[in-house]
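A.B. asks: Now for the letters of each chain:
Number of protein chains: 2
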Amino acid sequence: MEIKQIEQQFLDYLKQQNAYEEALSLMYWDLRTKAPKKGAEQRAEVIGFLSQKMHELSTSDEMKSYIDQLKGVTDNAIIQKSVEVCEEEYEKNNKIPNDEFKAYKMLQSKAESIWEEAREQSDFSLLQPYLEKLVAYNKKFATYWGYEDHIYDALLHQYEPGVTTKTLDRVFPELRKELTALLNKIKKSTVQPDPSILQHAFNKENQQAFSLEILERMGYDFEAGRLDETVHPFAISLNPNDVRVTTRYDEDDFRMAVFGTIHEGGHALYEQNIDKKLALTPLATGTSMGIHESQSLFWENFVARNEGFWTNHFDLFKSYAPAAFQHLTLDEFYPAINEVKPSFIRIEADELTYSLHIMIRYELEKALISGEIEVKDLPRLWNDKMEEYLGIRPSSDKEGVLQDIHWSAGNFGYFPSYALGYMYAAQFHHTLKQELDVDQIIKKGDFEQIKAWLTKHIHKYGKMKKPLAILEDVTHEPLNPSYLVSYLTDKYSRIYNF
Amino acid sequence: MEIKQIEQQFLDYLKQQNAYEEALSLMYWDLRTKAPKKGAEQRAEVIGFLSQKMHELSTSDEMKSYIDQLKGVTDNAIIQKSVEVCEEEYEKNNKIPNDEFKAYKMLQSKAESIWEEAREQSDFSLLQPYLEKLVAYNKKFATYWGYEDHIYDALLHQYEPGVTTKTLDRVFPELRKELTALLNKIKKSTVQPDPSILQHAFNKENQQAFSLEILERMGYDFEAGRLDETVHPFAISLNPNDVRVTTRYDEDDFRMAVFGTIHEGGHALYEQNIDKKLALTPLATGTSMGIHESQSLFWENFVARNEGFWTNHFDLFKSYAPAAFQHLTLDEFYPAINEVKPSFIRIEADELTYSLHIMIRYELEKALISGEIEVKDLPRLWNDKMEEYLGIRPSSDKEGVLQDIHWSAGNFGYFPSYALGYMYAAQFHHTLKQELDVDQIIKKGDFEQIKAWLTKHIHKYGKMKKPLAILEDVTHEPLNPSYLVSYLTDKYSRIYNF
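Heads up: the sequence lines are chains E and F, in that order.
For the first sequence, numbering that gives the first Met the number 0 assigns the number 497 to the last residue and increments by one with no breaks.
For the second sequence, numbering that gives the first Met the number 0 assigns the number 497 to the last residue and increments by one with no breaks.
One thing to keep in mind: the hints can contain errors.
Stated by the list, open to error - For lysine-lysine, the following BS3-like pairs were computed, each having C-alpha atoms within a straight-line distance of at most 27 Å:
hint	chain 1	residue 1	chain 2	residue 2
1	F	Lys3	E	Lys33
2	F	Lys187	E	Lys36
3	F	Lys275	E	Lys275
4	E	Lys36	F	Lys459
5	E	Lys37	F	Lys70
6	E	Lys109	F	Lys14
7	E	Lys459	E	Lys276
8	E	Lys203	F	Lys52
9	F	Lys455	E	Lys52
10	F	Lys465	F	Lys165
11	F	Lys450	E	Lys63
12	E	Lys450	F	Lys165
13	E	Lys36	F	Lys450
14	E	Lys37	F	Lys63
15	E	Lys340	E	Lys176
16	E	Lys33	F	Lys455
17	F	Lys459	E	Lys275
18	E	Lys94	E	Lys176
19	E	Lys275	F	Lys455
20	E	Lys101	F	Lys70
21	F	Lys450	E	Lys101
22	E	Lys139	E	Lys94
23	E	Lys109	F	Lys275
24	F	Lys465	F	Lys70
25	F	Lys70	E	Lys14
26	F	Lys165	E	Lys37
27	E	Lys36	F	Lys275
If you are wondering where the hints come from, they were derived from the structure by calculation, not from laboratory data.
These numbers come from a predicted model, not from an experiment.
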């Protein structure tokens with residue numbers, strides 16, 4: 000058969016995968032936003048069936064034959080890269096025996112619901128037996144998949160290909176040292192922001208209107224997306240022209256919705272601005288969890304927690320805010336939204352302490368997978384590390400080891416992406432500053448320039464480039480945590496006057 | 000293999016069909032309610048692929064083998080009936096050659112979008128060539144499927160199995176004679192309702208709140224459904240515990256949303272109250288278009304346009320209505336919502352003239368399929384019949400032949416269901432009146448009794464019984480249009496005082 004014919008068949012095959020993916024994404028979106036609760040049970044069966052179909056397509060003999068026929072042969076770069084991505088997926092999935100894959104999927108979904116109950120009751124012992132099985136499976140899978148230095152690398156690879164424990168063990172200690180030093184300076188400062196000035200009733204409709212206006216200004220395309228309300232905010236791409244965002248409204252704290260929407264908007268801008276030539280291939284999505292997070296954090300923190308952003312948008316904010324906010328000055332407001340304070344819950348952490356939360360999780364999960372520690376010791380070890388890194392000790396499992404869903408979903412190796420995202424974002428930000436007067440641009444609200452730069456250097460590539468290739472192509476150096484440190488030092492030395 | 004094993008395999012196979020159906024239903028619902036418009040193009044591809052999968056499952060050799068192994072053999076009534084439904088579908092789909100099926104699907108989707116344009120421009124000639132092809136395909140399909148008396152019966156069978164042209168040619172002329180006589184009396188009456196008293200601004204939020212309250216009182220289960228806004232209202236079952244309703248708000252005419260919601264709520268109650276034992280089989284849906292319409296019309300007209308309904312709910316209505324409605328008396332309001340007046344648009348027609356609109360469509364499509372008339376003559380023939388049946392002549396294609404989407408969607412044989420639904424509803428209503436004091440129950444707002452009766456006699460069966468079997472089992476006689484006539488006579492003689 001002609002190579003062009005095989006290419007066409009391969010592309011048609013990818014379209015099938017894509018169809019299942021879009022159906023599944025819509026089902027997840029619907030379950031989290033709109034679906035009536037009684038329908039969820041049957042919906043779970045439907046999701047199970049369609050996921051199975053997806054899995055079959057990615058591990059089929061037909062897929063294998065496309066890989067064998069096209070790999071290194073096609074001169075079409077998109078097809079070549081698609082073949083590589085499919086081959087990785089094929090190898091990864093085919094290395095796990097079918098019965099283990101099914102049992103693992105069932106365990107995952109069971110463990111997730113047990114986690115909800117355990118968290119509710121703040122009782123780790125409920126989850127422990129499930130977590131033990133999940134860890135055992137992940138060790139097994141890591142062995143199937145293989146690794147060079149450390150067993151945990153095989154898991155890390157799923158979320159951040161190219162990054163290894165070696166990288167993390169180089170950057171995290173350095174970052175921790177600097178963050179701790181900064182944190183000490185902040186603690187000792189006589190200048191302390193007062194975040195209580197932000198905690199006034201602010202009705203949902205107005206928070207929504209303000210959030211929508213900011214999303215619009217960021218360049219989010221509402222003809223290719225929409226904003227809805229959920230308990231846990233997320234962004235999801237159904238297809239390149241349908242990328243949806245959700246947020247959560249807390250009428251006593253507008254920060255939840257406003258910064259949450261901007262964060263998810265950053266994820267969405269990434270997905271909306273991938274080159275449309277990649278549509279209907281596995282390349283039409285963000286290249287990794289870490290690069291994705293770098294985009295959401297870039298908008299949430301480097302843009303929307305920047306002083307210039309509020310110089311520009313403070314009047315707009317006040318036009319939606321209730322009376323209690325009208326007397327506030329920018330000099331009170333800006334420090335208040337940037338308060339640094341060690342806290343128990345990761346997703347509520349400030350820009351500085353956030354990465355410390357991640358390091359705790361990284362160290363614990365690495366030790367779990369390598370067998371140095373046991374699941375039953377997690378609550379104690381978690382609390383010990385919190386005390387060591389952040390100087391506070393959780394008084395319950397709920398505000399400690401049970402706060403995140405990741406482990407009960409079997410996602411070991413995922414957490415480092417969050418801290419990598421911070422470091423990537425800072426490194427991108429540093430490069431962007433060399434090229435453009437970012438602070439001035441943010442102050443002017445000319446986000447089109449920022450969006451264009453991110454699209455040109457990051458978004459458009461989708462999965463055409465691996466995460467570290469993007470980082471190095473844009474910034475001309477390997478991962479370097481010092482940019483995050485200098486960004487935070489610069490920012491907080493002004494706010495806390497040290 | 001043991002029969003029980005085959006049965007289990009068959010049930011698993013049905014679950015697969017069900018999964019595709021739920022995914023497709025969610026996609027349709029989403030496209031009509033929430034989906035960003037730019038995403039629709041790729042969504043159409045996904046829908047095409049999943050529909051193709053559905054079609055493959057219903058026409059596969061595997062399906063044929065289940066039918067052959069189980070038909071008449073199984074002693075499980077649900078499986079037996081499921082086999083029968085699958086066999087009908089298998090025969091129907093396999094009689095159409097694959098290439099014709101695909102070409103027809105493409106023509107359908109093209110014609111639907113041309114129809115929108117043609118209607119916009121009020122120009123039938125744009126649609127004519129597509130309609131000619133659609134008619135030709137439908138004639139061909141009818142020949143493939145076969146019929147006893149009249150070629151149109153093969154098409155009618157898709158929507159209302161058991162009902163034939165012979166039945167319709169018996170009941171429609173009789174019904175038309177009586178409706179026309181009634182209409183003449185109404186026209187001559189010196190008493191005329193004044194619907195202008197209803198046309199005051201009524202904000203959407205309050206219309207919605209009132210509609211939600213009525214849906215709740217009807218017994219619609221909001222934990223297994225939800226109400227959204229669309230241009231064209233509909234009810235859709237994603238699964239037996241997820242049956243959604245949509246409505247449309249006209250701020251200058253509350254009747255659109257209120258009666259529209261109740262109508263769709265009637266459809267939804269049917270789907271929500273099918274016996275859960277039928278879930279995940281093809282029996283877990285309404286048995287026919289006509290029986291479905293009988294349920295929506297029952298609630299919309301026989302309940303919600305009943306005088307007692309408003310005796311009970313007028314205060315509630317006023318609590319949501321703006322000032323302009325507060326001085327209205329029930330004696331003004333009740334006749335106004337029941338005005339009879341020939342009008343051009345079917346979906347805006349009153350209870351009396353509605354069936355006349357259907358007869359016009361029935362006669363035209365029957366003649367098209369049998370070859371007695373040609374597509375090009377439709378606009379003229381339509382207008383002639385409007386003049387003959389309703390005494391008014393459309394001045395444009397838009398308010399004439401182009402108003403409905405059905406023909407451009409290839410749905411020939413569908414229209415009679417609407418008038419059948421009216422007659423079924425009236426016949427059910429008559430039976431119910433023998434057993435219970437319906438007017439008193441409506442006046443008391445005790446809808447639970449009505450819902451329970453409809454569930455017991457109609458809803459719970461899903462597709463376990465054919466439409467005419469349901470009608471005869473409940474009312475102990477064949478289709479009889481006189482019940483609709485006497486219901487309308489009774490109602491309008493009071494309102495119009497004749």
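A.B. asks: Taking the hints in turn, state whether each one holds.
C.D. replies: Hint-by-hint comparison with the structure:
no.	hint	verdict
1	F:Lys3 x E:Lys33	39 Å, violated
2	F:Lys187 x E:Lys36	54 Å, violated
3	F:Lys275 x E:Lys275	45 Å, violated
4	E:Lys36 x F:Lys459	22 Å, holds
5	E:Lys37 x F:Lys70	33 Å, violated
6	E:Lys109 x F:Lys14	22 Å, holds
7	E:Lys459 x E:Lys276	10 Å, holds
8	E:Lys203 x F:Lys52	43 Å, violated
9	F:Lys455 x E:Lys52	39 Å, violated
10	F:Lys465 x F:Lys165	18 Å, holds
11	F:Lys450 x E:Lys63	56 Å, violated
12	E:Lys450 x F:Lys165	67 Å, violated
13	E:Lys36 x F:Lys450	22 Å, holds
14	E:Lys37 x F:Lys63	34 Å, violated
15	E:Lys340 x E:Lys176	17 Å, holds
16	E:Lys33 x F:Lys455	30 Å, violated
17	F:Lys459 x E:Lys275	48 Å, violated
18	E:Lys94 x E:Lys176	40 Å, violated
19	E:Lys275 x F:Lys455	54 Å, violated
20	E:Lys101 x F:Lys70	33 Å, violated
21	F:Lys450 x E:Lys101	43 Å, violated
22	E:Lys139 x E:Lys94	11 Å, holds
23	E:Lys109 x F:Lys275	24 Å, holds
24	F:Lys465 x F:Lys70	18 Å, holds
25	F:Lys70 x E:Lys14	37 Å, violated
26	F:Lys165 x E:Lys37	44 Å, violated
27	E:Lys36 x F:Lys275	16 Å, holds
Violated hints for the displayed structure, listed by number in ascending order: 1, 2, 3, 5, 8, 9, 11, 12, 14, 16, 17, 18, 19, 20, 21, 25 and 26.
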